[in-house]
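Chemist: Chain by chain, the residues:
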Amino acid sequence: MIERLLEQARRRGAGTADALWRRSERTSVAFEFGRLKAAGVTEEAGVNLRVVSGGRVGVAGSTAVAAAPDELVSRALASAELGAELTLAFPSRTPLPHVPTFFAAAAGASLDALIELGAGLVAQLARDGCQVNVSVERELAETRVANSAGADSSYQSTGVVVSADLWRVAGDDVLVLGDAFEGADLPSAADVARIAQSVNTRLDLALKVTDPPEGALPVIFTPAGLTAVLLPLTQALSGKAVLQGISPLAAKVGEQMFDPAFSLTDDALAPGRASSRPVDDECVPSRATCLVQRGVVQGFIYDLETAARAGTMSTGHGQRAIFSKPVVGYTNLIIGDEGRGKGDGYSVGAWHAVPLQLGGGLLGDIADGLLVDDLIGVGQGNVSGGAFSHPVALAYRIRRGEIVGRVKDAAVAGNSYDLLQRIAGFGSDRRWYGARNTPSVLLEGVSVTRRAAP
Amino acid sequence: MKDRLTDALAASRADFTEIRLERTWTSAVSFRGRRLEAATASEDQGGFVRTLHRGCGWGVAAFTSLDQLPAMVARAGELSRAVRLERPIRLAEVPPHQADAVLDLDGDVRGVPLAEKKRLIEAYNSEMLAVSDRVVDTVASYHDAVTEYWYVNSEGTVLHELRPEVTVSGSAVARRDGIIEKGLESFGLRRGWRSVQDRAAGFRRAAERAVALLDAPRVKGGTYPVVLDPELAGVFIHEAFGHLSEADFIYENPQAREMMTLGRRFGKPLLNVGDNGAAAGLRGTLPFDDEGTPTQDTPLIRAGVLVGRLHSRETAAALGEHPTGNARATSFRYPPIVRMTNTYIANGRGSFADLIKDIPLGVYACSAFGGQTLLENFSFTAAYGHMIRDGQVAELVKDVVIAGNLFQTLDRIERIAGDFRWNEMGGGCGKGGQFPLPVTEGAPHVRIEEALVGGDVPDAA
Chain A
108 MIERLLEQAR RRGAGTADAL WRRSERTSVA FEFGRLKAAG VTEEAGVNLR
158 VVSGGRVGVA GSTAVAAAPD ELVSRALASA ELGAELTLAF PSRTPLPHVP
208 TFFAAAAGAS LDALIELGAG LVAQLARDGC QVNVSVEREL AETRVANSAG
258 ADSSYQSTGV VVSADLWRVA GDDVLVLGDA FEGADLPSAA DVARIAQSVN
308 TRLDLALKVT DPPEGALPVI FTPAGLTAVL LPLTQALSGK AVLQGISPLA
358 AKVGEQMFDP AFSLTDDALA PGRASSRPVD DECVPSRATC LVQRGVVQGF
408 IYDLETAARA GTMSTGHGQR AIFSKPVVGY TNLIIGDEGR GKGDGYSVGA
458 WHAVPLQLGG GLLGDIADGL LVDDLIGVGQ GNVSGGAFSH PVALAYRIRR
508 GEIVGRVKDA AVAGNSYDLL QRIAGFGSDR RWYGARNTPS VLLEGVSVTR
558 RAAP
Chain B
184 MKDRLTDALA ASRADFTEIR LERTWTSAVS FRGRRLEAAT ASEDQGGFVR
234 TLHRGCGWGV AAFTSLDQLP AMVARAGELS RAVRLERPIR LAEVPPHQAD
284 AVLDLDGDVR GVPLAEKKRL IEAYNSEMLA VSDRVVDTVA SYHDAVTEYW
334 YVNSEGTVLH ELRPEVTVSG SAVARRDGII EKGLESFGLR RGWRSVQDRA
384 AGFRRAAERA VALLDAPRVK GGTYPVVLDP ELAGVFIHEA FGHLSEADFI
434 YENPQAREMM TLGRRFGKPL LNVGDNGAAA GLRGTLPFDD EGTPTQDTPL
484 IRAGVLVGRL HSRETAAALG EHPTGNARAT SFRYPPIVRM TNTYIANGRG
534 SFADLIKDIP LGVYACSAFG GQTLLENFSF TAAYGHMIRD GQVAELVKDV
584 VIAGNLFQTL DRIERIAGDF RWNEMGGGCG KGGQFPLPVT EGAPHVRIEE
634 ALVGGDVPDA A
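Chains A and B are the protein sequences, given in the same order.
If you number the first sequence the way my numbering does, the last residue is 561 and the count never jumps.
If you number the second sequence the way my numbering does, the last residue is 644 and the count never jumps.
For the record, the hints were derived by calculation from the structure and aren't laboratory data.
Nothing here was measured: the structure is a model prediction, and the numbers come from that model.
Quick reminder that beta carbons are idealized off the backbone N, C-alpha and C, glycines included.
No false leads were mixed into what you were given.
According to the in silico footprint, chain B covers these stretches of chain A (three or more CB under 8 angstroms from chain B):
#1 141-152
#2 184-191
#3 213-226
#4 270-283
#5 343-353
#6 420-433
#7 490-501
Facing chain A, according to a computed beta carbon distance under 7 angstroms, are these residues of chain B, among others:
#8 T223
#9 D227
#10 G240
#11 E559
#12 F590
Straight-line distance between alpha carbons at most 30 angstroms, and here's what the computed DSBU-like set of lysine-lysine pairs gives:
#13 K403(B) with K540(B)
#14 K365(B) with K301(B)
#15 K614(B) with K144(A)
#16 K359(A) with K365(B)
#17 K540(B) with K451(B)
In isolation and in its complexed conformation, chain B is listed as follows (with noise of 0.2 angstroms):
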C-alpha cells in the first residue's frame, strides 16, 4: 500500500498533494424497547487527494474506488489549475514525520462476533426496562469502528494507523399521565471492546433519573448563581467558547479576528481553557491530525486572557501562528478543516462543597440534553437540574435550560472547583457539513455568579 501511495503521489505535477485512504469496519446494534432494530455491520472505503498548484486554489478528489488512485490525483491537479488565486494559499511548515502507530485497541472490536455485541447492548437495555414499569420506551445502542488509516504527503510525511472508536449509548423514556421524561446516558471512547464492559450502572441511573424527573417540579425561570457539572461545563466550553477559537473562522475576517484579539480578557484570572488532542484514550484524541501534523495541549484562555487558538496549516500560515494539530475530518468524504479535538477548561481549586457552601438560592444544573451556538449567544439543556438551599443540593428540578451571551457569561465565572474530570460521552461534533467528528470535553464544576435560567414553557395541547 505504502508504495502505491508514494508512486501515486510521484506522478502528481501538483507543488503540494496529499492523499489519505481508510478502510473503516463498523458494526452497530441497536434496540428500542424489547426490539430489536437493527444488528448491522459494514465495511466503508475510500480515498481522498488534495492538491495545490502555485498561485492556485485547492483541488480536491474524494472517491470509493481504490483503483482510481492515480486518476484522482491527476484529477485533483486539474481541478486546483481551475481556481485562480490572486493571494495565493499558504501553508505553515510542519516538519515530515513518519510514523506506524496502533492506538490501543483495548479489545480488537473486530474479534468480536456480532452475536456478543448484541447481548451486551441487550443486557444494558434490560436494566433500564427493569428499573420501573413507568419506563415506557428505551433506545440502546451499541457502534464501533476501526479505521485503517494512510496518510502521505508530498512532502515526505507516511502515516499508517489503526484508529478505534467504541460507543455504548441508551435513553429511557418515563411516563406517567400524560408527563414524559427522558434520561440519557452514553459513553464513548477511543479504544475497544473491553471500556465498554461493566457499564450497566450508567444505563440503570437513566432510567431512573427518567423516573424521577415525573415527580419533579419545573425550575422556576430567572436570574440565580449557577453551578454546572463537570458535563455541561465541559459542553458549554466546546459549544460556546471552543468554536469561536477555531482559527478558520476569524482569519480572513478582519472584525471577528479583532473580537478574538489575543490578549484580550475573556475571563477572571481562574480561568484557563485548551484543547488537547493528545491526551491519552479519549473520543479526540490522534497523535497526528489529517494534515499529518502532531496533536498538542494548546493553551487557549490562559488566567482569563486569550492566548491562542487552534490552526490548519493554512489558517496558521496566513494568521503567522504555528499549526496546532486540529486539521480534521470525518472520513475520507471531506477535506481536513480546522476542529476542536478534546476542549477542556483547566482544575480549579478546592471541593464541590466549597463552591456551593455560601449560595443561598441557586440552580445545580448537570449533563446536557444539547446546545446550541449562535456565535456568541448560546442556550444549552440541561439533563436535569437540582435547585441549591442555603449551600446545599437540594430538590430535582427539571426543564432547565440556560441562555445567554459567552463574553457576559465567560466574565461571570468566579468560582472553579478542583474536580476536573474528562467527559466520556459518545457523540460528536458537526461543522460545515461533517458530522459526526468524535470529540469530547472536560472540566471541573464550574460556579457562574449569575445566569439566566429559563424552563417554563407552555403546557402541551
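In isolation and in its complexed conformation, chain A is listed as follows (with noise of 0.2 angstroms):
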C-alpha cells in the first residue's frame, strides 16, 4: 500500500514523500457504577500521505485509501499546490533501537480474560455510598513508516490502559477520584491492587473536609498534581514554542534555570510504555533526549518539519494522524530527581510492589500545608510566562506532619520557574502517571488562597 502510494507521488511529479499507515483493533470493556456494562470492538485503518512538490509541503490523509489510492495523491499534490515552502530532509535507512513494543499476553487476553481483570478492580474498589466505574482497553496495532529516501519500518504494538474513578455524592458535595495503569503489557495482580490501594487511600483521606490554609506554604504535587507545574515547561522545551519565539527558554541552552537536583528527559525507548517505539512517525530513529540536566537547559524536542526551520535536526519527536499533518510531541517524560543519588533511574513498566505512601515521605517535614493531587483549569490561560493559578479539585491539608482531611474552596498560585529553581524534595513515590514518570515534589512559597464562598 504506502509503496505504491510512494511510487504514485513520484510518478505524478512529487519530489519526495513520506506516509504513514496504522492499522489498531481496540478491545474495551466498561463497568459502570460497578457491573458491567459494554463490550466494544474499534479497527481502525489509514494513510497519511506527505509529498514536497515544486518545493512545497503537502498532507492528506484517508480512512477509505483502499477504494481509492489515486484520489489521496492527487489530494496531497492539491495540498501542497498551496502548501508552505520547506526544505524537508528525509532521513535514509538506518539501523533502528530495539524496543519491546509487542507483548504476547497483552495481545493474546481473551474478552474473558479482560472482563476478569475489570471484575477484579471493581471488587477492590466496591463500598456503600459510592460508584464506581472501571474500563479495560486493549489494543494491538500495526504501524508501517516509509520514505522516497529509502526508509522503510514497521513494528506492532500492544497497549493497555486499565482506569477506575469514584464517584461519591453527599449532599452537594460531589467527590470524584480516580487512577490508572498504562503500559504495553497487562497489568499484574500487583498493579492492580496498586490502582484500588491508590483510589481507596486517597478517598479515605478525603472523608473529612477540613478548612484551607492561606499564604505562602509549602506544597506537595504529586505525580498527578505536577501538571500544571510542568505544563510550561514541556511547551517551552518543544521546538516549536522556540521557532514560534513564545518560550522563555529559547535562548537559555547551557543556562543553570533550575534546581540542581531536577532533570527533564523524553525517553522514547522506555521499556513496557505504550508510547515506546523503535522510530517516529517520520522514520527518524527513536532514541533518549534529555532536556533538562541537573537544572541546565541542553535542549529542545523537534519533528523534521520545526528541525528544518530551525535549521537542527529532528530529534524523533514527530507525531502523526490520520487526518493532519506530523506534528512535534512528546513520548515518555522522565522527571529526574539527582539530589537522591539515584541518577535518572526510574522503575521499569511495573510500579513498586509495595503500596506507595500518599505524599511518598514528604509530610513529615511539613508544619502546615497542603498536598495537590488536582487542579481545575490547568491548561487555561497565559501558559507560557510561567504562571499558574487554580482552584484545587483534590487537596488535602498537612499539619504537623499528616494529612489531617481534604480542602475545598483553595486556590494555589505561583510561577513553575520560580518554584523550580528551589526544590525543597522529592518523595519516594516515584510511579507513572500517564506518559510521564515521577516521584511527588516539595515545593516551597506556593500562594495557598481561600475561596470562602462569599
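Both chains are sitting in their own frames, so use the hints and assemble them into the complex.
Modeler: Okay, structure coming up:
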C-alpha cells in the first residue's frame, strides 16, 4: 500500500514523499456503577501521505484509501500547490534501536480475561455510598512508516489501559477521584492492587473536609498534581514554541534555570510503555533526549518540519495522526531527582510492589501546608509565562506532618520558573502517571488562598 | 446503501441492533503569522454497530472497512452475549422514523476549491496582522466538513442525512515589552460556505482587543456584582449546569439523583434554562440524535425549579422519563452518550443599560477563554472585562477569572436582560473521550449579585 502511494506520488511529480500507515484494533470493556455494561471493538486503518512538490509541502489523509489511492495522491498534491515552501530532508534507511513494543500476553488476552481483570478491580473498590466505574482497553496496532529516501520500518505494538474512577455524592458535595494503569503489557495483580490502594487511600483521607490554610506555604505536588507546574516547561521545551518565539527557555541552553536536583528527559525507548517505539512517525530512529540536566537546559524536541525551520536535526518527536500533518510531541517524560543520588533511574514498566504512601514520605517536614493531587482549569490562560493559578479539585491539608483532611474552596498559584529553582524535596513514590514518570515534588512558597464562598 | 444496511440488520440475531454509517469529507486551512501551516483535504469513512441481546449488555463494533459490515454485526452480537447482566438494559420507546434530510448546506463546501478556502482565511488573518505592529503572532483557521450519514435500527427507523459544518477562527497575540495578551474570535455553524463570508470585522476586533489589553490593568480580586455577557453566560450554563443535567450522571447514582431531584429550586423565579437541539442552523442542531430520536426543545429549569434533564433511550427508560434526543456521538468511532445540543438561558426583560444602572462598583465579564467545572465547582476565564462604575461600563480590565459554587451562583442570579442571542462560536464539547462535539449556547446578559473574581496571579519570571 505505502510503496504504491510513494511510487505514484513520484510518478505524478512529487520530488520526495513520506507516508504512515496504521491499523489498530481496540477491545474495551466498561463497568458502570460497578457492573459490566458493555463490550466493544474498534478496528481502524488509515494512511497519512506527505509530498514535497515544487519545493512545497502537502499532506492528505484517508481511511478510505484502499478504494481510491489515486485520490489520496491527488489531494496531497493539491495541498502542496498551496503549501508552505520548505526543504524537508527525509531520513534515509538507518538501523533502529531495539525496544519491545509488542507483548504476547496483552495481544492474546481474551475478552473474558479482560472482563475478569476489570471485575477484580471493581471488587477491590466497592464500598457503600460510592459508585465505581472501571474500564479495560487493550489495543493491538501495526504501524508502517516509509519515505522516498529509502527508509521503511514497521512494528507491532500493544497497549493496555485499566482505569477506575470513583464518585461519591453526599448532599451537594461531589467527590470524584480515579487512577489508571497504562502500559504496553497487561498489569500484574500487584499493579491492579496498586490502583485500588491509590484510590482507596485518597478516598479515606478525603472523607473529612477541613479548612484550607492560607499564605505562602510548602505544597507537595503528587505525580498527578504536578501537571500545572510542568506544563509551562514542556511547552517551552518544544521546538515549535522556540520557533514561534514564545519559549522563555529559547535562549537559555547551557544555563542553570532550575534546581540542580531537577532533570527532565524524554525517552521514547522506555521499556514497557505504550508510547515507546523504535522509530517516530517520520522514519527518525528513537532515542532518549535529555532536555534539562541538573537544572541546566540542554535542548528542545523537534520533528522534521520544526527542525528544518530551526536549522537543526529532528530529535525523533514527529507524531502523526491520519488526517493532519505531523506535529512535534513528547513520548515518555521522565522527571529525574538527582538529589537522591539515584541518577536518572526509574522503575521499569511496573510500579513498586509495596503500596506507595501518599506524599512519598515528604509529609514529615511540613508544619502546615497542602498536598495537591488535582487542579481545575490547568492549561487555561497564559501558560507560557510560567504563572499558574487554579482552584483545587483534590487537595489535602497537612498539619504537623500528617494529612488532616480534604480542602475545598482553595486555590494555589505560583510561577513554575520561580518555584522549580528551589525544590525542597522529591518523594519516594516515583511512578508512571500517563506518559510521565515522576515522584511527588515538594515546593516551598506556593501561594495558597481561600476561596470561601462570599 | 439502504439495502445493504437493511440486509445487515436482517442478519442480526440480537434483540436490538442499530447501525450508523458515515462518510465525511473535511478540509482545513490554517495560518500562523504570515505562514501557511497546512492546507489539507481528508476523507473519513466508517461504521458503527451496537446490539443488545435480552439479559445482556451492549455489544459494540466500530470499523473503517465498510465491506466488513456483516461480520461486524455478528461480532457486536457476540460481544453483547459476553456481557451478562442481572438488571437488563431497557430502551425507552421511540416511534420508528423514516427520513431523508438534507440540512441547509448554504453553499456546499465540497464544491469550493481548497485555494479559495485558503484565500478566505488568509484575508481574515491579514486583518488581524494589519491592526498594529504590536500584533506579533496570529493563528487563523478554516475548517469544514460534510458528513453523509445513515442510521438504521431493528425497530424500523431509517435515516439518511447530509450534515454540514463550517468554522473560521482566529487568535491574535499582542506584545509590548514583557507583556503578552491574546484576543480570540471564532465562528461556526451547521451550515456552509456562504455563512463564513464577510467575517473580517470579528477578526479585526480580536486583534484590537489583544492590543488594548496590553494597557489594561488586572482586575482587582474580590467579591463583586458581576454581569456576564451573553457569550460567557452561555458557556457558564453549559459547563456549570448543563453537564449535571445529563441523565447518565444520575440515572444509576441515588445520591446524585437526590441532588438533581426534579422540583428542587435552583434559582430565583426569573431563571429559565433549556436545551434545544431543534433550533435552526446552530452548531448543536440536528433533526435526529444518534439513536434516531427526534431532537426537541427540553426545559431544564423553569421559573427557578428543576423540571427536566437530558436523556438517551437508556437513561430515559431507567428513570421512567421520555427520551429527549440527546444521545450523540462525535463519529462512527464512538457509541452515543448523553450530550447537550444548544443550551440556553431564556430571555428576561429590559436592556443591558437597565441591568447595570444601579451597580456602583461591579465587573462586566465578557467572552470566554475557557472554563472548567468539577461538578459543583467551576472556574471560568473571561477573555476580557470592564469595570462597572456608577451604573456605567468603565475601563477595560484583564485576567478576569470567576470561580464559585454552582448552586450558590445560580441562586444569586437576580436579573436577566431581554437581549438573548445564540453564540455562534466554533469549537465543541468534550466528554467520555469524545471531542469535539459540535454544541453551542445562548443567553441574554445575566447579573449575579455577588461572585468571586480573581485576577491577581504572580508575575512571570
